[in-house]
Every structure is written in structure tokens, then in C-alpha cells.
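S.K.: As you go down the protein sequences, you meet chains A and B in turn.
332 is the number that this note's numbering gives to position 104 of the first sequence; each next residue is one higher, with no gaps.
348 is the number that this note's numbering gives to position 120 of the second sequence; each next residue is one higher, with no gaps.
The hints are simulated quantities; they were obtained by calculation from the structure and are not laboratory data.
Certain hints may be false.
Because identical chains share one entry, a pair is satisfied inside a single copy or across any pair of copies.
Unchecked claim - Below, in silico cross-link-like pairs of lysine to aspartate or glutamate (EDC-like), each with a Cα-Cα straight-line distance of 16 Å or less:
(1) K250 with D386
(2) K339 with D395
(3) K319 with D261
(4) K333 with D353
(5) K302 with D286
(6) K258 with D381
(7) K328 with D381
(8) K348 with D395
Nothing here was measured: the structure is a model prediction, and the numbers come from that model.
Number of protein chains: 2
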Amino acid sequence: MIVETFAQFSKMLANLDKILEKAQKFSELKKFDAANLLNSRLAPDQFNFIRQVQIACDTAKFAVAKLTGIEAPKFEDNETTLAELHQRISKTLEFLSTIKPEAWKGWETRKTLNPRKEGKYLPGDEFLTQHAVPNFYFHMNAAYGILRHNGVDLGKMDYLGVITYRDL
Amino acid sequence: MIVETFAQFSKMLANLDKILEKAQKFSELKKFDAANLLNSRLAPDQFNFIRQVQIACDTAKFAVAKLTGIEAPKFEDNETTLAELHQRISKTLEFLSTIKPEAWKGWETRKTLNPRKEGKYLPGDEFLTQHAVPNFYFHMNAAYGILRHNGVDLGKMDYLGVITYRDL
Chain A
229 MIVETFAQFS KMLANLDKIL EKAQKFSELK KFDAANLLNS RLAPDQFNFI
279 RQVQIACDTA KFAVAKLTGI EAPKFEDNET TLAELHQRIS KTLEFLSTIK
329 PEAWKGWETR KTLNPRKEGK YLPGDEFLTQ HAVPNFYFHM NAAYGILRHN
379 GVDLGKMDYL GVITYRDL
Chain B
229 MIVETFAQFS KMLANLDKIL EKAQKFSELK KFDAANLLNS RLAPDQFNFI
279 RQVQIACDTA KFAVAKLTGI EAPKFEDNET TLAELHQRIS KTLEFLSTIK
329 PEAWKGWETR KTLNPRKEGK YLPGDEFLTQ HAVPNFYFHM NAAYGILRHN
379 GVDLGKMDYL GVITYRDL
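In isolation and in its complexed conformation, chain A is listed as follows (with noise of 0.2 Å):
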């Protein structure tokens, strides 16, 4: 399950993909600076849209590394504009599209740590459901919100992308 878990890490991010395609034609639509969307909140102590998808992204990535002990790229945490956050997105994708399944093993004893909490550590089965997982959805569901709360044309498929379903 670990592989179809960061599986839908992906897919969730190539949705966020399609989702900031809608905000950049909304932004036209109503002809307006696309920036004023990127800099939105729902709260003036929340992130802004950019940060959250900057945190989609991250929390998807440092999973990897923390469950594979695999090294992330750094990424600079410097997009401005959509353009940019299509690249960082695309940059996250291609990272997690490099991991092999046998990457994986161990994944769910290997001490995870956390740089706000020293001298602990979360075994990995515990931070993938406890952290990383809800954590992961926080900042999607915050970039949704954000774009939803300002108009932008979304719904709940989305988020949720394309589901395969089989014939019975």
C-alpha cells in the first residue's frame, strides 16, 4: 500500500496541476492580476495559496526521503507566479517518479525524524498515517479552499481526478 499511497501523492499534484490551470483562466476570464489568487488566505495567519502548494509538494517529498532515506532535492521556495508553481509541481513529480518499489523496504520501522522535535522520532508506519498523510491533505484541501472561497470554478472531482472504475 506504501506504493499506491505516494502513488496518489502524484496523482493528487497533477490534479493541483489542472486546478491552477482553472485559477490562470479565471484570471482572465474576469481579467484580473492572477497574483492577487497566489497571495490569498483564508485567514490572515494562514499561509498564502503559494505557500500551501509549496507545502503539498514538500510534504510529499520529504515523506520519500524520510520513509526511503533517499535524499530530496532542494527546491528554493521562490515562485512568484503560476507559471513557476507549475514548475515546482513538475519538479515534485518528477522526483517521486524516480523512487522504485524496492526503494521502499523497511519503510514502515525506519525512524523518521523531525527537525522540531529532537532527540525523537516517529517509526515510519506512524508518521506516514499520523503525519505525513493528513498533513499532505491539509495543504492540497487549504489550496483548494483558498481558490474555491475566491471564486475560482472547482468541484470535488477536481481535487479527486480521474477514478478508474471497472466493470462489474
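With chain A's structure known, arrange chain B on it following the hints.
M.R.: Just chain B, lined up with the frame of chain A:
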């Protein structure tokens, strides 16, 4: 991992229950009718807070039913107060707590049906990863985002709850 995934759903619902208490306290502090929060939404065509809580509960409940074959209790969707939403969460947690580990046997390949997709199915593992998990977090976060936008004093720690780090 299936048992842990549903334990996490229960944990998130318990966190949501505490978030409801924060909403209650905020309404008392600011002296407004808590119903104002319950009927809030981030966009006019989004479900309101009450419905988000109901669906978060139901996503967990129906996922159990679909993956184990155990019949889920029916709830009426008639909550109109915070007290009733507490009860909804409580009843859902009670149902989730009755599921024994052996009930999950064969969940990965169990054919899950969707009333909106006649003649189609998803194998249990694909249903869990592509549908149940992202949907659960979608409605959890929609509920969180609605309160956050309305000024309730919430942070990610309220959402994630206590994570039991271990000593290295």
C-alpha cells in the same frame, strides 16, 4: 495498514470534536449564535459546515461498510446544533470502535460499489486510496477551513491532534 488508516480516521474525528468545542467557545466569547458558524460555507455552492461534518463522518462509516461488508448504522442528517454534531461524531466513533481487526480480511480485493456508478466497482485497495482517504480529508478540511475563515482560533495542531513521538 488498514487498521491504522481507520484508527487515524477515528483520531481525526475526535480532533474535529474538539474543534467543535473551540467553535462553541468562540461563539460565547464573541456573543453570537453558533448557528451562524454551522450554516457558513466558503462559497455559495459549497456544502455548509454541518454538511461537511456529516459527510466526514459518513465517509469513514461507509468506507468501513464497503470494505468489510458490515452494515453501517443509518443516521438521519438532521443535526442543527453543535451538540447534535457532537452526537453525530460520537455515534460514528462508536461504530468504528466495534470493527474487529479480523473484519478487514480480504478488504483489498473486495468489490466496492458506488450508487452513482451503476455496473461499476473499485477493488477495495483502489477505493481506499483513490476515494475514501482523499474524500475523508476533503470534508475534514472543508469543515476546518470554514471555521478558520470565520475567525475560530485553530491551527494545524488542532487538526493533527497529539502525535506520540518516541525517544531516540
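S.K.: Among all the numbered hints in the text so far, which are the ones the structure does not match?
M.R.: Violated: hints 3 and 7.
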